[in-house]
Amino acid sequence: MAGSWRSVAAAGILVAAEADGALFVTADADLRAWSMGPGREARVAAVGIAVRQVFADARGDRVVAFALFESLDDFRETGFDQAYLRYKGRMGVWNLTAGRYVLPFGLLPSYSTNRLLVRTLEGETVGVETDNGVMSSGLAGDFDYAVSVSEGVGMHRWTDTDDDGLVTARVGWESDDLPELKPGVSVVWGKAVGGAHGGMAGPRMRRELAALDLTWTAGSGVLRAEGSAGRRDGEPFQGGFAGVDFSLLGWLELNADWAVRSGWRGGPAAGVTLDVLGAKVRAAYRYPIEKEDEDEVTGQVYYSWSRSR
Amino acid sequence: MRSLARFIIPGVALASWLAAGSAGAEEKYICVWRNPERTMRRIFPQARDYRTVTRPISAAAVAAIEAKAGGPLLPGQREQYQYYEMLDAGGKRLGAIIAASQKGEYGAIEFVFGLDLSRSVNGIYIQRARERDGDFKKREFLDSLLGRGPGDLKALDALIGEKRTTGKVAVVTGLKKELAAFAELAP
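Quick note, the sequences are listed as chains Z and F, same order. Start counting the first sequence at 1; every next residue gets the next number (my numbering). Start counting the second sequence at 310; every next residue gets the next number (my numbering).
Take these hints with a grain of salt, some might be off.
Unchecked claim - Simulated restraints, written as ranges between beta carbons of each label pair:
(1) F/E375 / Z/A140: 38 to 48 Å
(2) Z/P268 / F/G399: 49 to 59 Å
(3) Z/A58 / F/G460: 29 to 39 Å
(4) Z/L248 / F/E375: 29 to 39 Å
(5) F/R441 / Z/G227: 39 to 49 Å
(6) F/D466 / Z/L96: 40 to 50 Å
(7) F/D466 / Z/L248: 57 to 67 Å
(8) F/E471 / Z/V185: 23 to 33 Å
(9) F/D444 / Z/Y285: 35 to 45 Å
(10) Z/V281 / F/R441: 19 to 29 Å
(11) Z/E292 / F/R441: 34 to 44 Å
(12) Z/S136 / F/A467: 46 to 56 Å
(13) F/D466 / Z/L277: 55 to 65 Å
(14) F/D444 / Z/E292: 25 to 35 Å
Keep in mind the hints are simulated off the structure, nothing from the lab. Just so it is clear, CB atoms sit at the ideal spot from N, CA and C, and this is done for glycine as well.
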């Protein structure tokens, strides 16, 4: 089974690279150094290459093939973060996606923090950021919707470890008359491992949660917030995240975030992002409330490169 | 020390690779547009589908566009030009949608506009901006750009008005570049 999934993904990328039509290629690199308590370390946190091919028929764009291949943690872990085919219905009213894709839960569809120093709560709530399955999504007026049925194994595996799947769904609202405000409501139900993105998979647990999310742009600032509540393995769970980015100058942004979950575990962070010669240079200080001696300073250099044809 | 070496060697290799491929390719100001159909339907309510079109920009075309627009294209705008052909139920062309991006004071200003078959602006919306002054988002200013086309490039500057905010200048500058590029590259 795992072999056939890989074959499908590899064939998809090969077809995309060879086909006529709109092709988009993006590569990025994320280098980090950090100090936590007495420990210090530096590493290549991630290197990725993404390929997106749009196939059109006589009536317009019809199929999108997308793959994001990553090497993480000093090249120790390598694999597909995403690899999917999306069949586009007319004018986005409905779309069908199959493969490994970003789950429709909370801020995830619009805000990936993999290449940021921000820490959100996906690992605790939905468990995984991307997963293998099928998803129906689309638009209805100012609303967008997505419903996914997936395996709950994340980017760690191509096959399920048991027969329990994961259902996620989100409804969002966005209007051209009020583009500053983008709220959403979502639910997750089923079993999934934890760990969100890369690294060791956390324990597989039953997740029955609902979440509200909001993205609000006000002047030079952007606020992103998400609150979730429900049960994990039958135990009550509450979690919350708020993050603010404020553009102080064209090349300097201030960042702050705070993610907490049941028992006030988590803590605040503050940082800066500088635009230096086309690269993003970031630094952040994080203070975990429950482990004061494990406060953390992180530095990052991030660069992305894109082309299309 | 070991982890430092692990960091430096691939880091240098990676930086060399990216530097070799990055000449003119850094796309800081490329527009990120989620759910494009939402805005497309507002500008072309009769549209039933669309097709992504990507055209390479030659050095001669860059020079011609910059001459018409009266200013330089930004990095990321000099190699490929992309727009969306809007189609009716029978696959007939209704016009085009262009997602544009221009440098503001506090980051990129991203906006989307439509061109009808006569290549005149028939709708424009600001998608994302971090400017503190919001004059350029007001409907009055955006509606003043309607009906303008590639033949109006010189007249567009007058629409900025007496209060020349960064946002208004960026939208007009971006629109001029896109109209010039469309005239040069779209058949």
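Taking the hints in turn, this is what the structure says about them:
1. With their beta carbons about 42 Å apart, F/E375 and Z/A140 fall inside the hinted range of 38 to 48 Å.
2. The hinted range of 49 to 59 Å is satisfied by Z/P268 and F/G399, whose Cβ atoms lie roughly 57 Å apart.
3. Under the hint 29 to 39 Å, the C-beta atoms of Z/A58 and F/G460, about 32 Å apart, fit the expected range.
4. In this structure, Z/L248 and F/E375 meet the distance hint of 29 to 39 Å, their C-beta atoms being roughly 31 Å apart.
5. At roughly 29 Å, the beta-carbon separation of F/R441 and Z/G227 lies outside the given 39 to 49 Å, and the hint is violated.
6. The hinted window of 40 to 50 Å between F/D466 and Z/L96 holds, with their beta carbons roughly 47 Å apart.
7. About 29 Å separates the C-beta atoms of F/D466 and Z/L248, a value inconsistent with the hinted range of 57 to 67 Å.
8. For F/E471 and Z/V185, the hinted distance range of 23 to 33 Å is not satisfied, since their beta carbons lie about 45 Å from each other.
9. The supplied range of 35 to 45 Å is met by F/D444 and Z/Y285, whose beta-carbon atoms lie about 37 Å from each other.
10. At roughly 24 Å, the beta carbons of Z/V281 and F/R441 sit within the given window of 19 to 29 Å.
11. Remark: the range hint 34 to 44 Å for Z/E292 to F/R441 is upheld by a beta-carbon distance near 37 Å.
12. The given range of 46 to 56 Å is respected by Z/S136 and F/A467, whose C-beta atoms sit roughly 49 Å from each other.
13. A beta carbon spacing of about 31 Å between F/D466 and Z/L277 contradicts the range 55 to 65 Å that was offered as a hint.
14. Between F/D444 and Z/E292 the beta carbons are some 47 Å apart, a value that contradicts the proposed interval 25 to 35 Å.
Checked against the numbered hints listed earlier, the structure breaks hints 5, 7, 8, 13 and 14; every other hint is satisfied.
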